[in-house]
Amino acid sequence: MTETNNKRLDELVKEISGLRESLHYTQKDVEELIAKDKRSSSKLSEIDSEVSIVAANIRSFLPKLDYLEGQSRRNNIVIDGIQESGNESWAESEEKVRNSFLTSSNSRGLNLKECIEPDDQLEREPG
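Quick note on numbering: the sequence shown equals residues 1 to 127 in the UniProt record's numbering.
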């Protein structure tokens, strides 16, 4: 019986030793994870402050953007009656308007081609 108890006690000691070793490695992993979490928290704080700065910059640019968009609209001519395509480029829109004007003017006996085409030759006078 003593021999059985000793054998069982040896098994328990061996199992406890294995558990201690496992606990040691687990504690090491936990410490590494804690250190990694601290580094991540630090980086997150830096990123959060950068995002705040970028958001403030965006908020400061919005009124300027609204102003410029308003100026752009005031300088544009609105033309009704020309169909728009979904992803139409500026050049395509310009060509449609130009063709519409030319077609309309020709049907009325006007020659707008000479008035529309030579826009590269126009020069602004100082003042």
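What the hints contain is simulated information worked out from the structure, not anything from laboratory work.
Among these hints, one or two may not hold up.
As the list claims (entries may be wrong) - Computed cross-link-like contacts, DSSO-like style, restricted to lysine-lysine with a CA-CA straight-line distance of at most 30 Å:
(1) K14 x K28
(2) K14 x K38
(3) K28 x K38
These are the hints, each one checked on the structure:
1. Between the alpha carbons of K14 and K28 the distance comes to roughly 21 Å, so the proposed pair stays at or under 30 Å and holds.
2. For the hint linking K14 to K38, the alpha-carbon distance of about 36 Å lies beyond 30 Å, and the restraint is violated.
3. With a C-alpha separation of about 16 Å, the suggested pair K28 and K38 falls inside the 30 Å cut-off, and the hint holds.
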